[in-house]
Amino acid sequence: MDDYLKEALEIVKAQASVRNMTEEEITSMVKKVAEGIRGISEGAPVVEEGAGPATDPKKAIKEKSVTCLECGKTFKILTKKHLATHGVTADEYRAKYGYKKGTPLVSKSLQRERRTKMKDMKLWEKRKKAK
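In full-length UniProt numbering, the protein residues as written are 1 to 131.
The hints are simulated quantities; they were obtained by calculation from the structure and are not laboratory data. Just so it is clear, the structure is predicted and the values come from calculations on it, not from any experiment. Possibly wrong hints are sitting among the right ones.
[To be verified] Computed list of lysine-lysine pairs in DSS-like fashion (alpha-carbon distance at most 25 Å, straight line):
id: 1; residue 1: K13; residue 2: K31
id: 2; residue 1: K58; residue 2: K80
id: 3; residue 1: K108; residue 2: K119
id: 4; residue 1: K96; residue 2: K62
id: 5; residue 1: K101; residue 2: K58
id: 6; residue 1: K96; residue 2: K59
id: 7; residue 1: K6; residue 2: K32
id: 8; residue 1: K73; residue 2: K62
id: 9; residue 1: K100; residue 2: K62
id: 10; residue 1: K108; residue 2: K128
id: 11; residue 1: K64; residue 2: K32
id: 12; residue 1: K62; residue 2: K101
id: 13; residue 1: K64; residue 2: K80
id: 14; residue 1: K129; residue 2: K100
id: 15; residue 1: K32; residue 2: K59
id: 16; residue 1: K96; residue 2: K128
id: 17; residue 1: K59; residue 2: K81
id: 18; residue 1: K128; residue 2: K73
id: 19; residue 1: K100; residue 2: K59
id: 20; residue 1: K32; residue 2: K58
id: 21; residue 1: K6; residue 2: K58
id: 22; residue 1: K128; residue 2: K117
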């Protein structure tokens, strides 16, 4: 048996001892890990599956969540802090994925909720009274 296959079996064996896995999962994982180890040992470039955007940019902003196209995680709002973990600003993120300049990186429900809250507060009327 090849060395890379033995190493793959050890890795999958350790994974299977931690969680329940079906036979299909075990065999597919052994194949993937063995191919990866063989590719690394032969010096072939490793292709990551998540190299491109996780989802379609048009479908990333949903009703109750926003999907980060860099990592694929879902949020209610994409904050500056989260985008900084990927090394981009909000403007760079919008430009990279083809959003318009002023597009809010917020879920639609949260955006609607904030809009109604501001309308209920009627800050523009309070400002006129203060003058």
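We went through each hint and held it up to the structure:
Among the hinted pairs, K13 with K31 is consistent with the structure: their alpha-carbon atoms are about 13 Å apart, no more than 25 Å. A C-alpha spacing of about 21 Å is found between K58 and K80, which places the hinted pair at or below 25 Å, so the restraint holds. Annotation: proposed proximity of K108 to K119 holds, straight-line Cα distance about 17 Å (limit 25 Å). Using a Cα cut-off of 25 Å, the hinted pair K96 and K62 holds, with the two alpha carbons roughly 19 Å apart.
Distance check on the hinted pair: K101 and K58 sit about 15 Å apart at the alpha-carbon level, within 25 Å; holds. With a C-alpha separation of about 15 Å, the suggested pairing of K96 with K59 holds against the 25 Å cut-off. Distance restraint check for K6 and K32: the Cα-Cα separation of roughly 13 Å lies within the 25 Å cut-off, and the hinted pair is therefore satisfied. Distance hint between K73 and K62 is fulfilled; the C-alpha atoms sit about 13 Å from each other, no more than 25 Å.
Pair hint K100 plus K62 holds up; C-alpha atoms about 16 Å apart against a cutoff of 25 Å. Taking the CA atoms of K108 and K128, the gap is about 30 Å. The hint is violated against a cut of 25 Å. For the suggested pair K64 and K32, the alpha carbons sit about 35 Å apart, so the restraint of at most 25 Å is broken. Among the hinted pairs, K62 with K101 is consistent with the structure: their alpha-carbon atoms are about 18 Å apart, no more than 25 Å.
For the suggested pair K64 and K80, the alpha carbons sit about 19 Å apart, so the restraint of at most 25 Å is met. Between K129 and K100 the CA atoms are separated by roughly 36 Å; this puts the pair beyond 25 Å, and the hint is violated. Under the criterion of a C-alpha separation no larger than 25 Å, the hint pairing K32 with K59 is inconsistent with the structure, at around 30 Å. As the CA atoms of K96 and K128 are separated by approximately 41 Å, the hinted pair breaks the 25 Å bound.
Between K59 and K81, the direct Cα distance comes to roughly 22 Å. Compliance with the 25 Å bound is thereby established for this hinted pair. Restraint check for K128 and K73: not satisfied, since their Cα atoms lie roughly 43 Å apart, outside the 25 Å limit. Proximity of K100 to K59 is assessed by CA-CA distance (about 15 Å); at most 25 Å being required, the pair is judged to hold. With a C-alpha separation of about 31 Å, the suggested pair K32 and K58 falls outside the 25 Å cut-off, and the hint is violated.
Of the supplied pair hints, the one linking K6 and K58 is violated, its CA atoms being roughly 44 Å apart against a limit of 25 Å. Proximity of K128 to K117 is assessed by CA-CA distance (about 19 Å); at most 25 Å being required, the pair is judged to hold.
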